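Protein chains: 2
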Amino acid sequence: MLLPELKMRRDKIRALMAEQEIDAALITCNVNLIYTYGRVVSGYLYLPLNAPARLFVKRPNNLQGEHILPIRKPEQLPELLAQCELPLPKRLMLEGDELPYSEYSRLAACFPESEVLPCGTRLIRQARATKTELEIEMFRRSAAAHTRAYQQNPTGYRSGMTYRELSIEIERLMRLEGCLGYFRVFGQSMEIFMGSVLAGDNACAPSPYDFALGGEGMDPSLPGGVCNAPLQEGQSLMVDLGGNFYGYMCDMSRVYSIGRLPQPAYDAHQLCLDVQAAVADMAKPGVSCESLYNKAIEMVTAAGMADHFMGADQKAKFIGHGIGLEINEAPVLAPRMKQELEPGMVFALEPKIVLPGVGPVGIENSWVVTHEGVEKLTLCAEEIITL
Amino acid sequence: MLLPELKMRRDKIRALMAEQEIDAALITCNVNLIYTYGRVVSGYLYLPLNAPARLFVKRPNNLQGEHILPIRKPEQLPELLAQCELPLPKRLMLEGDELPYSEYSRLAACFPESEVLPCGTRLIRQARATKTELEIEMFRRSAAAHTRAYQQNPTGYRSGMTYRELSIEIERLMRLEGCLGYFRVFGQSMEIFMGSVLAGDNACAPSPYDFALGGEGMDPSLPGGVCNAPLQEGQSLMVDLGGNFYGYMCDMSRVYSIGRLPQPAYDAHQLCLDVQAAVADMAKPGVSCESLYNKAIEMVTAAGMADHFMGADQKAKFIGHGIGLEINEAPVLAPRMKQELEPGMVFALEPKIVLPGVGPVGIENSWVVTHEGVEKLTLCAEEIITL
Numbered sequence: 001m002l003l004p005e006l007k008m009r010r011d012k013i014r015a016l017m018a019e020q021e022i023d024a025a026l027i028t029c030n031v032n033l034i035y036t037y038g039r040v041v042s043g044y045l046y047l048p049l050n051a052p053a054r055l056f057v058k059r060p061n062n063l064q065g066e067h068i069l070p071i072r073k074p075e076q077l078p079e080l081l082a083q084c085e086l087p088l089p090k091r092l093m094l095e096g097d098e099l100p101y102s103e104y105s106r107l108a109a110c111f112p113e114s115e116v117l118p119c120g121t122r123l124i125r126q127a128r129a130t131k132t133e134l135e136i137e138m139f140r141r142s143a144a145a146h147t148r149a150y151q152q153n154p155t156g157y158r159s160g161m162t163y164r165e166l167s168i169e170i171e172r173l174m175r176l177e178g179c180l181g182y183f184r185v186f187g188q189s190m191e192i193f194m195g196s197v198l199a200g201d202n203a204c205a206p207s208p209y210d211f212a213l214g215g216e217g218m219d220p221s222l223p224g225g226v227c228n229a230p231l232q233e234g235q236s237l238m239v240d241l242g243g244n245f246y247g248y249m250c251d252m253s254r255v256y257s258i259g260r261l262p263q264p265a266y267d268a269h270q271l272c273l274d275v276q277a278a279v280a281d282m283a284k285p286g287v288s289c290e291s292l293y294n295k296a297i298e299m300v301t302a303a304g305m306a307d308h309f310m311g312a313d314q315k316a317k318f319i320g321h322g323i324g325l326e327i328n329e330a331p332v333l334a335p336r337m338k339q340e341l342e343p344g345m346v347f348a349l350e351p352k353i354v355l356p357g358v359g360p361v362g363i364e365n366s367w368v369v370t371h372e373g374v375e376k377l378t379l380c381a382e383e384i385i386t387l
Numbered sequence: 388m389l390l391p392e393l394k395m396r397r398d399k400i401r402a403l404m405a406e407q408e409i410d411a412a413l414i415t416c417n418v419n420l421i422y423t424y425g426r427v428v429s430g431y432l433y434l435p436l437n438a439p440a441r442l443f444v445k446r447p448n449n450l451q452g453e454h455i456l457p458i459r460k461p462e463q464l465p466e467l468l469a470q471c472e473l474p475l476p477k478r479l480m481l482e483g484d485e486l487p488y489s490e491y492s493r494l495a496a497c498f499p500e501s502e503v504l505p506c507g508t509r510l511i512r513q514a515r516a517t518k519t520e521l522e523i524e525m526f527r528r529s530a531a532a533h534t535r536a537y538q539q540n541p542t543g544y545r546s547g548m549t550y551r552e553l554s555i556e557i558e559r560l561m562r563l564e565g566c567l568g569y570f571r572v573f574g575q576s577m578e579i580f581m582g583s584v585l586a587g588d589n590a591c592a593p594s595p596y597d598f599a600l601g602g603e604g605m606d607p608s609l610p611g612g613v614c615n616a617p618l619q620e621g622q623s624l625m626v627d628l629g630g631n632f633y634g635y636m637c638d639m640s641r642v643y644s645i646g647r648l649p650q651p652a653y654d655a656h657q658l659c660l661d662v663q664a665a666v667a668d669m670a671k672p673g674v675s676c677e678s679l680y681n682k683a684i685e686m687v688t689a690a691g692m693a694d695h696f697m698g699a700d701q702k703a704k705f706i707g708h709g710i711g712l713e714i715n716e717a718p719v720l721a722p723r724m725k726q727e728l729e730p731g732m733v734f735a736l737e738p739k740i741v742l743p744g745v746g747p748v749g750i751e752n753s754w755v756v757t758h759e760g761v762e763k764l765t766l767c768a769e770e771i772i773t774l
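Chains A and B, in that order, are what the protein sequence lines are.
Under our numbering, the first sequence has 209 at position 209, and the numbering climbs by one with no breaks.
In short: position in the second sequence from 1, add 387, done, that's our numbering.
Just chain A, with the same shape it has in the complex:
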């Protein structure tokens, strides 16, 4: 990746460090290395406030460059910094919400004279919340590939197949369009394969994960998403696979039906489209996330559908979430979230309704916040498509 792009990203982090009088960051988690160095390595990016970043790398063993040095273990860091004529940091930040406790402790022990702060995750996520032009361009490319895959979804259907089998064909279509498959989530307790294909009453099944709809899953070791039920006439299914084509996670859901659905399903789907339109119409820089959430709740309550909105017995407490290198970035469109939209933020908006006996309806698209409002990235037919 071009150095000016990486420098811009690092400088966004540096600006936040300066506010906290932090004079260096030590970055070692994959997602933050992708952000600050452009790729995954096994090693450490040392980011001083007032000097160029250094990469200390264990693996791969074939990286070369002006500021790249080999390292075997983190205990070498002080000595390597001295070789680079860099002073030891006074206040050093580590990725405290991502690094395991023992690894954090080991790294902190390498800098006994420094004040070590765990705020690295928070600050870097704050920097990552507003995307650069290049990141938005990567989202556009990702969204285009995601759309190409979803347009082929109906070709995966064959009469008599199970939801699981249909899910597998749709996963394959995503992979053939270039989806990397790997699904990055912030938080060690959230696990999912490529995303979910939820159908019928399985969409109501509560799961341990904080995704928008649950699903029972195929095994208690991964209790979310698709189950093995047969496709049944009169049921809906929602395809919600993560669009990780170049590291950036687009998010998009579309609804399909086996034959004709009961009319209330179409009405509920239209309500979700209306919520999407109203929220997108309100959304612009300076608007708070909670006001967008409240608008959605107001509309579904007025329509008498609040009980079925964002889940049945167990509901998701958001209607949208920032996306980026991980599927759950800032901002979150949720109650009591005072955070305001800013230009360059990219988020998924996913008003969804679950109808017992039918299944999930609704919509999800990825949006970028512009200076004037928001722009939809995932351009793909939004009606319920009959298989």
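Just so you know, not all the hints are guaranteed correct.
Said to hold, decoys possible - Across the chosen pairs, the derived CB separations fall in these ranges:
hint : chain 1 : residue 1 : chain 2 : residue 2 : range
1    : A       : Asn228    : B       : Glu770    : 30 to 36 angstroms
2    : B       : Met395    : A       : Gln232    : 38 to 44 angstroms
3    : B       : Leu475    : A       : Gln152    : 40 to 46 angstroms
4    : A       : Gln20     : B       : Glu762    : 55 to 61 angstroms
5    : B       : Asn437    : A       : Gln152    : 57 to 63 angstroms
6    : A       : Gln20     : B       : Leu436    : 41 to 47 angstroms
7    : B       : Leu436    : A       : Pro154    : 44 to 50 angstroms
8    : B       : Met395    : A       : Gly304    : 49 to 55 angstroms
9    : B       : Arg535    : A       : Lys90     : 56 to 62 angstroms
10   : B       : Ser546    : A       : Gln152    : 49 to 55 angstroms
11   : A       : Gln152    : B       : Glu762    : 41 to 47 angstroms
12   : A       : Asn61     : B       : Glu762    : 35 to 41 angstroms
Stated by the list, open to error - No farther apart than 20 angstroms at their CA atoms in a straight line, the calculated lysine to aspartate or glutamate pairs in the EDC-like style are these:
hint : chain 1 : residue 1 : chain 2 : residue 2
13   : B       : Lys725    : B       : Glu769
14   : B       : Lys477    : B       : Glu408
15   : A       : Lys58     : B       : Glu578
16   : B       : Lys394    : B       : Glu524
17   : B       : Lys704    : B       : Glu677
18   : A       : Lys317    : A       : Glu298
19   : B       : Lys682    : B       : Glu729
20   : B       : Lys671    : B       : Glu727
21   : A       : Lys315    : A       : Asp201
22   : B       : Lys445    : A       : Glu191
23   : B       : Lys460    : A       : Asp210
24   : B       : Lys445    : A       : Asp313
25   : A       : Lys90     : A       : Glu133
26   : A       : Lys284    : A       : Glu133
27   : B       : Lys445    : A       : Asp210
28   : A       : Lys12     : A       : Glu298
29   : A       : Lys58     : B       : Asp597
30   : A       : Lys376    : A       : Asp274
31   : B       : Lys394    : B       : Glu453
32   : B       : Lys477    : B       : Glu500
33   : B       : Lys399    : B       : Glu727
34   : A       : Lys58     : B       : Asp700
35   : A       : Lys317    : A       : Glu191
36   : A       : Lys73     : B       : Glu524
The hints are simulated quantities; they were obtained by calculation from the structure and are not laboratory data.
Bear in mind that the values here come from a model prediction, so they are computed numbers and not experimental data.
C-beta: ideal position from N, C-alpha, C; glycine also.
Using the hints provided, position chain B relative to the given structure of chain A.
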């Protein structure tokens, strides 16, 4: 899952706790919840040394049972323990190598009067290293499904396709046989989609991950595994997809060729089969892991193939690894590993050679340690199969 099985697993952990005079464990990482409770939940399993375990659960909201209580946040734990008439722990262990620093600190702060120890990960992994009869049975079922999928691998091949396209067809075959797809690895820096299909010189490409062979991958955000090169006559490819069918990760690699390979490739493949046979013949309870590693190195050195064994420029420093709920459990068959095999351990043995200009050859199977020796779980033809 049956309570006697769960109790047996919990008692294995309790025995290790007793040695360290630890009177309670607080378990919240998914993989350890699967082990001790039989499924993923969002919540906490509190495991006292001398009383039944309690599950404090946030999500899903439909779990019920004698020792199951709802919880909203960890700060409620002391109060909930009091309700259960359980004393606060004197020495409490947390999952220190898995919990993020900030989450560990938050949990520790809930027990200000207790001595909090980070050894939970290490002790639970030690307990998990020897499998119960039921776990071995789950491995057998997993291995059978893995084999059924691999036997169909050649049907995914069509002339003119790329390695990536072939990989996608093979992934689909795995999924159709029931593979959950999700690939669990211990350590936050190891990321991989379902496994790898490595072909030609891509198998030599160094990656940041500590897997047996590297691969350049499709994108710098996930630099490992398959690349987009076309299938070429005279090249080999190795299919190494994780066999997670019921939570337990079987590991198996098989080699295919496009047309006929040069004779040295068949010789190197046979050498790997010979290494496998020799190591399997030695392996039994009481034998050290390093002695198995050394045996392999001795054989490939005598054959003049040491430079190509377990990678080219960047080598893996092991010939096998324990498997279980994660792909990398104890024991590790590596230099200086004094650990001895014990009955019930399950490991993958993967002698592999990379030939520049040709690709990877070799073998990987999953093995269970019995009282007398080892038994192969993954029973599938081992020769190089021409596509």
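Tested hints:
In this structure the supplied range 30 to 36 angstroms holds for asparagine 228 of chain A paired with glutamate 770 of chain B, their Cβ-Cβ distance being about 35 angstroms. In this structure the hint that methionine 395 of chain B and glutamine 232 of chain A lie 38 to 44 angstroms apart at CB holds, the actual value being about 40 angstroms. In this structure the supplied range 40 to 46 angstroms is violated for leucine 475 of chain B paired with glutamine 152 of chain A, their Cβ-Cβ distance being about 58 angstroms. The supplied range of 55 to 61 angstroms is met by glutamine 20 of chain A and glutamate 762 of chain B, whose beta-carbon atoms lie about 57 angstroms from each other.
Here the CB-CB span from asparagine 437 of chain B to glutamine 152 of chain A is close to 59 angstroms, well matched to the stated 57 to 63 angstroms. Between glutamine 20 of chain A and leucine 436 of chain B the beta carbon distance is about 42 angstroms. The supplied range of 41 to 47 angstroms therefore holds. The supplied range of 44 to 50 angstroms is broken by leucine 436 of chain B and proline 154 of chain A, whose beta-carbon atoms lie about 57 angstroms from each other. Between methionine 395 of chain B and glycine 304 of chain A the beta carbons are some 51 angstroms apart, a value that agrees with the proposed interval 49 to 55 angstroms.
Taking 56 to 62 angstroms as the suggested C-beta distance range, the pair arginine 535 of chain B and lysine 90 of chain A conforms, at roughly 60 angstroms. Taking 49 to 55 angstroms as the suggested C-beta distance range, the pair serine 546 of chain B and glutamine 152 of chain A does not conform, at roughly 23 angstroms. Restraint check, glutamine 152 of chain A to glutamate 762 of chain B: a C-beta distance of roughly 45 angstroms satisfies the suggested window 41 to 47 angstroms. The supplied range of 35 to 41 angstroms is met by asparagine 61 of chain A and glutamate 762 of chain B, whose beta-carbon atoms lie about 37 angstroms from each other.
Under the criterion of a C-alpha separation no larger than 20 angstroms, the hint pairing lysine 725 of chain B with glutamate 769 of chain B is inconsistent with the structure, at around 30 angstroms. Of the supplied pair hints, the one linking lysine 477 of chain B and glutamate 408 of chain B holds, its CA atoms being roughly 9 angstroms apart against a limit of 20 angstroms. Proposed proximity of lysine 58 of chain A and glutamate 578 of chain B is supported: the alpha carbons are some 16 angstroms apart, at most 20 angstroms. The hinted pair formed by lysine 394 of chain B and glutamate 524 of chain B meets the criterion: a straight-line CA distance of about 18 angstroms does not exceed 20 angstroms.
Distance hint between lysine 704 of chain B and glutamate 677 of chain B is fulfilled; the C-alpha atoms sit about 11 angstroms from each other, no more than 20 angstroms. With a C-alpha separation of about 14 angstroms, the suggested pairing of lysine 317 of chain A with glutamate 298 of chain A holds against the 20 angstroms cut-off. The suggested pairing of lysine 682 of chain B with glutamate 729 of chain B holds, with an alpha-carbon distance near 19 angstroms, which does not exceed 20 angstroms. The straight-line distance between the Cα atoms of lysine 671 of chain B and glutamate 727 of chain B is roughly 9 angstroms, inside the 20 angstroms bound, and the hint therefore holds.
As the CA atoms of lysine 315 of chain A and aspartate 201 of chain A are separated by approximately 14 angstroms, the hinted pair is consistent with the 20 angstroms bound. The suggested pairing of lysine 445 of chain B with glutamate 191 of chain A holds, with an alpha-carbon distance near 16 angstroms, which does not exceed 20 angstroms. A C-alpha spacing of about 15 angstroms is found between lysine 460 of chain B and aspartate 210 of chain A, which places the hinted pair at or below 20 angstroms, so the restraint holds. For the given pair, lysine 445 of chain B sits about 14 angstroms from aspartate 313 of chain A by alpha-carbon distance, which is consistent with the 20 angstroms threshold.
A threshold of 20 angstroms between alpha carbons decides the hint, and for lysine 90 of chain A with glutamate 133 of chain A the separation of about 33 angstroms lies outside it, so the pair is violated. Taken as a hint, the lysine 284 of chain A and glutamate 133 of chain A pair is honoured in the structure, with Cα atoms around 18 angstroms apart against an allowance of 20 angstroms. Distance check on the hinted pair: lysine 445 of chain B and aspartate 210 of chain A sit about 11 angstroms apart at the alpha-carbon level, within 20 angstroms; holds. For the hint pairing lysine 12 of chain A with glutamate 298 of chain A, the CA-to-CA distance comes to about 37 angstroms; that exceeds 20 angstroms, so the pair is violated.
The suggested pairing of lysine 58 of chain A with aspartate 597 of chain B holds, with an alpha-carbon distance near 11 angstroms, which does not exceed 20 angstroms. Restraint check: the Cα-Cα separation between lysine 376 of chain A and aspartate 274 of chain A comes to about 15 angstroms, which is no more than 20 angstroms; the hinted pair holds. Only pairs whose Cα atoms come within 20 angstroms are accepted, and lysine 394 of chain B paired with glutamate 453 of chain B is accepted, the gap being roughly 15 angstroms. Our distance criterion of 20 angstroms between C-alpha atoms is met by lysine 477 of chain B and glutamate 500 of chain B, whose separation comes to about 7 angstroms.
For the hint linking lysine 399 of chain B to glutamate 727 of chain B, the alpha-carbon distance of about 18 angstroms falls within 20 angstroms, and the restraint holds. For the hint pairing lysine 58 of chain A with aspartate 700 of chain B, the CA-to-CA distance comes to about 14 angstroms; that is within 20 angstroms, so the pair holds. A threshold of 20 angstroms between alpha carbons decides the hint, and for lysine 317 of chain A with glutamate 191 of chain A the separation of about 19 angstroms falls inside it, so the pair holds. The suggested pairing of lysine 73 of chain A with glutamate 524 of chain B is violated, with an alpha-carbon distance near 39 angstroms, which exceeds 20 angstroms.
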